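Sequences listed follow chains A and B, in order. Be aware that the first sequence starts at 1188, since it is given in our numbering, and climbs by one per residue. Be aware that the second sequence starts at 102, since it is given in our numbering, and climbs by one per residue.
Since the hints were derived computationally from the structure, they do not count as laboratory data.
Straight-line distance between alpha carbons at most 30 angstroms, and here's what the computed DSSO-like set of lysine-lysine pairs gives: (1) A/Lys1244 x A/Lys1320; (2) B/Lys388 x B/Lys146; (3) B/Lys299 x B/Lys346; (4) A/Lys1320 x B/Lys299; (5) A/Lys1283 x A/Lys1225; (6) A/Lys1256 x A/Lys1318; (7) A/Lys1312 x B/Lys107; (8) B/Lys265 x B/Lys346; (9) B/Lys299 x A/Lys1318; (10) B/Lys107 x A/Lys1320; (11) A/Lys1256 x A/Lys1225; (12) B/Lys305 x A/Lys1318; (13) B/Lys305 x B/Lys265; (14) B/Lys305 x B/Lys249; (15) A/Lys1244 x A/Lys1283; (16) A/Lys1256 x A/Lys1240; (17) A/Lys1219 x A/Lys1320; (18) B/Lys146 x B/Lys173; (19) A/Lys1320 x B/Lys305; (20) B/Lys265 x A/Lys1312; (21) B/Lys265 x A/Lys1320; (22) A/Lys1256 x A/Lys1283; (23) A/Lys1318 x B/Lys265; (24) B/Lys343 x B/Lys257; (25) B/Lys257 x B/Lys388; (26) A/Lys1256 x A/Lys1244; (27) A/Lys1318 x A/Lys1283; (28) A/Lys1312 x A/Lys1225; (29) B/Lys388 x B/Lys173; (30) A/Lys1318 x B/Lys107.
Remember, predicted model here, so these are calculated numbers, not experimental data.
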Amino acid sequence: MNKTEMKLKVTPIGNGTVIDHIPAGQALNVLKILGIDKTTEATISVLMNVTSKRSGKKDVVKVEDRELKEEEVNKISLIAPGATINIIRDCRVVEKRTVDMPDLIVGVLRCPNPSCISNTDEPIKSQLIVKSKNPVVLRCVYCEQPIVENIADYLI
Amino acid sequence: MNMFGKRHVLSMREFSRDEIDSVLDLAESLEPYARGGRCEALSGKILALLFFEPSTRTRLSFETAMMRLGGKTLNLGPAEGSAIAKGESLADTIRVIGGYADALVIRHPKEGSARLASQFSPVPVLNAGDGAGHHPTQTLLDLYTIRKESSLDDLKIALVGDLKYGRTVHSLAYALALYGADITLVSPPTLEMPAPIKADLEGKGTMVRETHDLDSVIGEVDVLYVTRIQRERFPDPYEYSKVAKSYRIAPENLVGVRDGLIIMHPLPRVNEIAPEVDETRHALYFKQSFYGVPVRMALLKMLIGDRLE
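So that you can see chain A by itself, here it is in the shape it has in the complex (with noise of 0.2 angstroms):
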């Protein structure tokens, strides 16, 4: 797909955030984790599959008239590691950047030890550790469990 062909398939954003280089099919996730769902009031765009020179295909997701916060934008960073962040103000990238992960990850994912007491009524969030970003290795705070692959699964 060249880039006129592009341009015809997504309209650019004049404010807002622009979220590039999420790993192909993995934009619903990224919208979950943000948060972003039925109830969102802004003009989401998601784009799957997208012809990418870097990494063969990727996912886009553009949220208008939105400037996410870097912690927000931060826990994507679980999923889509390589991700970049564009600040969009009167059509024009104000801001670049990529994603860092947290050194802890609070109420994103769930433990995956069905015994964990984070995995019952408590009032209490998930909380994992970052123990390494890549490969990412995160463990729950509560019954030490480690978190090691099939992370979009435990999203909640």
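We have chain A already, so just place chain B on it with the hints.
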């Protein structure tokens, strides 16, 4: 004596070797009081015991430890515990009972429950076993036993039995790695220690070997740490009895062992150690059980005693 800035005792992962040594040193100095000497170090203090699962040894040992220090205990038995658990969150229970006592001891079937309790408790929390998770006071008393009756330096130890589900062996192995022990894992093939735990131990530079044959290692070790192989882990009763028999310690297995060999067991035992072994000089499990008292006294004194000043 402080607790190195710790407010709670939740997991052995939070202890350095120096910190373990300090607890064991204090336990040693308290041992005469554990045997009945008069001590009022925690007079006027109350320890609440919250057991949401049955326990005999651990609960009574904590109660004894508190009473030997001149303190008093409140008891929430398994029946009341389960009644509360039905309607109220653990977090609320902890907040309420934390208001009645100077420290809480908790045993709960869910892993991570002691950590949760520590987040809501206004007073120190001691983990007395959280499901298949941690049981740090058991590990500390095991280390105390080894230090007193054998040696933690250049130790050669065999961990025998159910190494897959047994929570005591996981945290014990982790702590022994801090002392550079030479560890041999002896279990049936279906009950081997989980790979992530083994990898963790090897990552600490400790020597870990694995075998299914107890007789091949029994003559080479200073400590034999035996755990119970539970019947319910085996769908086939015949298979269970075959395995249980091959890991049973009887006097005839002890021919040719080291003079100073000590045999430990977290108890209760079922058939893992023949009663005839009890009469040999190697049997240390009842003494090990007693050592739970001075070790728990040391922890209570460190956690509650300091808060007096």
